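Hints in hand, dock the two standalone chains.
The primary structure of each chain is shown beneath.
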Amino acid sequence: MIELKNISVNFKQKDYELHAVSDVSLKIKRGEIFGIVGSSGAGKSTLVRTINLLEKPSSGEIIIDNKNIVNYKGSELRELRRGIGMIFQQFNLVESKTVYDNIAFSLKTAGKTKSEISTRVNELLRVVGLIDKAEVYPSKLSGGQKQRVGIARAMANNAQILLCDEPTSALDIETTAAILKLLRDINEEYEITIVIITHELEVIKAICNRVAVMDKGMVVEEGLVYDIFTKPKHDFTKKLLEHSSRFELPKQLVKNLKGSIVKIKYIGEAATDPVLSTLSTKYNVAFNILHGKIEYIRDLPVGILYVNINGSDESIIEAIEYLKNNTYSVEVVNCAIA
Amino acid sequence: MLSHNFNLFEELTFALNETTLMVSVSLIFAIIIGGLLGLGLFLTSNHLFFKNRVLNEISGFIINIIRSIPFIILLVLLIPLSKAIVHTTIGPSAVIVPLSVSAIALFARLSEASFSNVSKGVLEAAVASGAKAIDIIIGILIPEALSQLINGITITAISLIGYSAMAGTVGGGGIGNLAIRYGYQRYNTTVMVTSVVVLVIIVQVLQFLGDFSAKRVNKK
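Quick mapping for you: the protein sequence lines, in order, are chains A and B. Numbered according to my numbering, the first sequence spans residues 1 to 338. Numbered according to my numbering, the second sequence spans residues 339 to 558.
Just chain B, with the same shape it has in the complex (with noise of 0.2 Å):
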């Protein structure tokens, strides 16, 4: 029924290597700059330090517009960015940029509230102490705040491996890109089988080393 050349193995071998890459790379940049920007978003709400009601509606606003497009409409919008960004529009490297700034805005969101759930007693206490905004921030903020960036992260990483299979549909490959192309479109049971058990298991990986860091690091 397939081609003889088709090799399950080699296939999804591959499949998973483009999706690792994609989706650590848009993490990657999920967590610095989806995380500045929540930091900043947190920051600029808080009395404490340096509120900034102008900036930070704007920031919010532009934030809430890319979280609002359904993410296989900013896969084509962004066609142009990636084109200006990675010189390409199709395969991994190019369907990394919408990736990135879709996970950028969620992060950005789920950073800012994780900032916002620390106590702000302890912020202050921490301010009356004498402290500079920066050692608060480093030495208090955000290691109170960790266990709950950690599963921040874990939820982005999750949501990335489902929006990577959604840019495999246009070209991003993937495994998202062979369970569309072979078990789909080629009615091949197996591939289709095989590639949502794989993502099936990753995502349980993912969110049992998530949850386990989380709890090392919570110490209520």
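Excised from the complex, chain A in its bound form (with noise of 0.2 Å):
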């Protein structure tokens, strides 16, 4: 439903010109939520920016619902605005107005009657679960709160797309968790097409469908979540789930154990095997783990463990592929076959 095509957006500086984005090209898919991965100024937030033209692309296409609307003005524009949300990291709530009254901005200025914003704010209202906040002021809520309004305002005019620029970075964790569920649950009850942009893989693996990773204004790689978090070919992508998910044994350690060492990784249904209960029994070896981490994307489990495995040279060749057969890759770290 959102496509865009070749889209660069070009800043100029005093003497030079800054390419935020260039070239890029995305698909997003109805009802999908889309997540933006990258470091900061990686030109996430301006690409996400042209979708509602809060930054005009310097070239390209962005068709939405079969139409381009990168020259989008006046009326047209404000129309088009009002099926997109938006919510930002710092929420920009207007501190002047209530609750009540920051979700019925912009279905006034759409030009519904008193009636149908009281009906339509007080749904919104139950839908964020702030049915008593209505008259408070932004600065007697917390951040949490500060952003289911914002949730609920990107909602009023029953927006099909909402973005999201870094919506849980000014959060604490678990209200990270509580803002992801309720984006959820908004995607799954109302269809409304999610894309959202965060510099912290978590957010990702909770809640998106597909990614694209960014790096330098470009789109390095981009696909299903969970391909890109298991698979990933990029080098920058390696990286980047590297510096998340970086554990090593300890050098010392891999020195004075005896026996061999393998990582193991695994993922999907074969997470949920009993593999090495197997590995034990069947080819009479004995294993220890030393270190290990399971994670869930989007509720598929993916697992990479340290074990160190001892028994008789034949026995262990024959452990360790067993393994390869049985997971998704073994990577024998120190080897005591000689």
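Calculated from the structure, these hints are not laboratory results. A couple of the hints might just be wrong.
[Claimed, not checked] Derived lysine-lysine pairs resembling DSS-like cross-links, with alpha carbons at most 27 Å apart:
(1) A:K73 to B:K553
(2) A:K12 to B:K458
(3) B:K470 to B:K557
(4) A:K231 to A:K258
(5) B:K553 to A:K14
(6) B:K470 to A:K56
(7) B:K553 to A:K97
(8) B:K558 to A:K133
(9) A:K265 to A:K282
(10) A:K216 to A:K14
(11) A:K29 to A:K324
(12) B:K557 to A:K114
(13) A:K5 to A:K108
(14) A:K56 to B:K553
(15) A:K265 to A:K231
(16) A:K255 to A:K216
(17) A:K67 to B:K470
(18) B:K389 to A:K114
(19) A:K97 to B:K558
(20) A:K5 to A:K181
(21) A:K238 to A:K27
(22) A:K112 to B:K553
(23) B:K553 to A:K140
(24) B:K389 to A:K133
(25) B:K389 to A:K14
(26) A:K181 to A:K231
(27) A:K112 to A:K231
(28) B:K458 to A:K140
(29) B:K421 to A:K108
(30) B:K558 to A:K108
(31) A:K12 to B:K421
(32) B:K421 to B:K558
[As the list claims (entries may be wrong)] So the derived label-pair ranges between C-beta atoms look like this:
(33) B:T426 to A:S115: 28 to 36 Å
(34) B:S551 to A:N66: 49 to 57 Å
(35) B:S551 to A:E174: 38 to 46 Å
(36) A:E174 to B:I403: 53 to 61 Å
(37) A:G41 to B:S551: 53 to 61 Å
(38) A:F11 to B:F546: 56 to 64 Å
(39) A:F11 to B:D549: 37 to 45 Å
(40) A:K233 to B:N556: 50 to 58 Å
Remember, it's a predicted structure, so these values are computed and weren't measured experimentally. Glycine residues also receive a C-beta, built at the ideal position from the N, C-alpha and C atoms.
Encoded structure:
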């Protein structure tokens, strides 16, 4: 439903031109949660701002529902923007208006009657769980509550698309989880397409279907979140993932241990099979888990284990062979067999 | 010492009325015209609205010129303009012209600063919601700037009281005139002290009212 074709955004600086976004093409499907991840300054924010033309692309096309919107102006542009909600890292609520009036504003400007506004605002307050905060001013709200108001405001005119610019970066872990759950619920219940930009991989893992990885104004890799996380192809993606899930064995430990050490990676269905217990009974080896981590990407497990295997040379070789056939990947870190 | 028909209370009331007239009329002009100019300066400097560098810089330049002319010079310079508008060159109504011009320039800058201090993100959110510029100005920009605008009005009003006292020296009337003519030129300390005390009280009261209402509308 949203298609970006060869989008470039250049900013004229005093003596040079800054290429914030260079030749980006993306397709975002109706009803999905699409993530754009990258380090700060990668151009994510600029890119997402072109979708509602807060930033006008220097070149390229933006097709929303089969219409190229790049040259929209005046009432046509305002009409388009009413259908695209936006939420921000710093919430951007109007401090001089109550929660109710913050949400009501865009309904008023869309020409809704008082009773229509009242019905819709109360409905939205129920969706985001702030029904008792209608007459409160934003300064009295917590960060999570402010973002809920932001979400309600963005949805006011029945937006079909929700653009989220670092929606949880100003929130603590617990609140982040609650806001992400709300976004996912909204996505499922109202079939709103969500585009979310973030530098936090956790956010992508928690709610996105697909993700684009951006670096230096370009999309370097794009695909299903699960694929990107388990089989990253581009170097930048690998580096990005490493930063978030870095864990290594202490060198001293590797040196002192007897037997072989293998790094086992297992994903999806395989993660739930009892591979290790089969290993010990079938191949007569003893194993010891040295380090491990299991995480869930949109409910699918991905695990990494460092296992120390002891036994006769043959049984170790057989055991590793077995692991290779039954897990996603096996990497021998330290081999005791000469 | 004074002529027998001088009555301090009567003179003071009369002067106070003149000052009130000069200050309030000029203040109203300053709020309306200066406020609109300040809004214009802000809107032409912001890409979310009607960014227009040429228009912005020309109007800024003109305002700066007015702001840099000492008020006493402006008083004299604008005599022809006063004559053209109010058909007199003396008395409170004549002085209202230079007072207004000066206050308009001051409040234009103060209100521009108030608008500039409104969070860019809040305005951007409103633009992203598909609201018209006029709705954003009335519904968001002005309410968000209101507390600071009130502070600006207070500053302008107090400056006007000072200027109006100066205007008294060139026949503008008002408390300044009273202080100069009876207090200073005729060595009447009582009149001098009383005039100054009255001015101090007015300024204190205005500052208090301004601070109070600014605080009242501030929901931050």
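request  = For the pair supplied as a hint, B:K389 and A:K114, confirm whether the alpha-carbon distance does not exceed 27 Å.
outcome  = 34 Å, violated
ask   = Does B:K558 pair with A:K108 here, judged by a C-alpha cut-off of 27 Å?
value = 23 Å, holds
ask   = Taking only the CA atoms, is the gap from B:K389 to A:K14 under or equal to 27 Å?
value = 18 Å, holds
ask   = Going straight from one Cα to the other, do B:K558 and A:K133 come out at no more than 27 Å?
value = 16 Å, holds
50 to 58 Å as the expected CB spacing between B:N556 and A:K233, which holds or is violated = Holds, at about 53 Å.
Given pair status - B:K557, B:K470, alpha carbons within 27 Å = 25 Å, holds
task = Assess, step by step, whether the Cα of A:K231 is no farther than 27 Å from the Cα of A:K258, and give holds or violated.
result = 31 Å, violated
query = Has the given pair, A:K255 with A:K216, been kept, meaning a C-alpha gap of at most 27 Å?
reply = 40 Å, violated
ask   = Is A:K56 close enough to B:K553, meaning Cα to Cα at most 27 Å?
value = 39 Å, violated
inquiry  = Holds or violated: A:K12 and B:K421, Cα atoms, limit 27 Å.
reply    = Between A:K12 and B:K421 the Cα gap is close to 50 Å, so the pair fails against 27 Å, i.e. violated.
message = Need the status of pair A:K5, A:K181: alpha-carbon distance at most 27 Å?
response = 31 Å, violated
Restraint status (C-alpha distance of B:K458 to A:K140 at most 27 Å) = Since the Cα atoms of B:K458 and A:K140 sit roughly 21 Å apart, the hinted pair holds (cutoff 27 Å).
Consistency with the previously given hints fails for numbers 1, 4, 5, 11, 13, 14, 16, 18, 20, 22, 24, 27, 29, 31, 32, 33, 37 and 38, ordered from lowest to highest.
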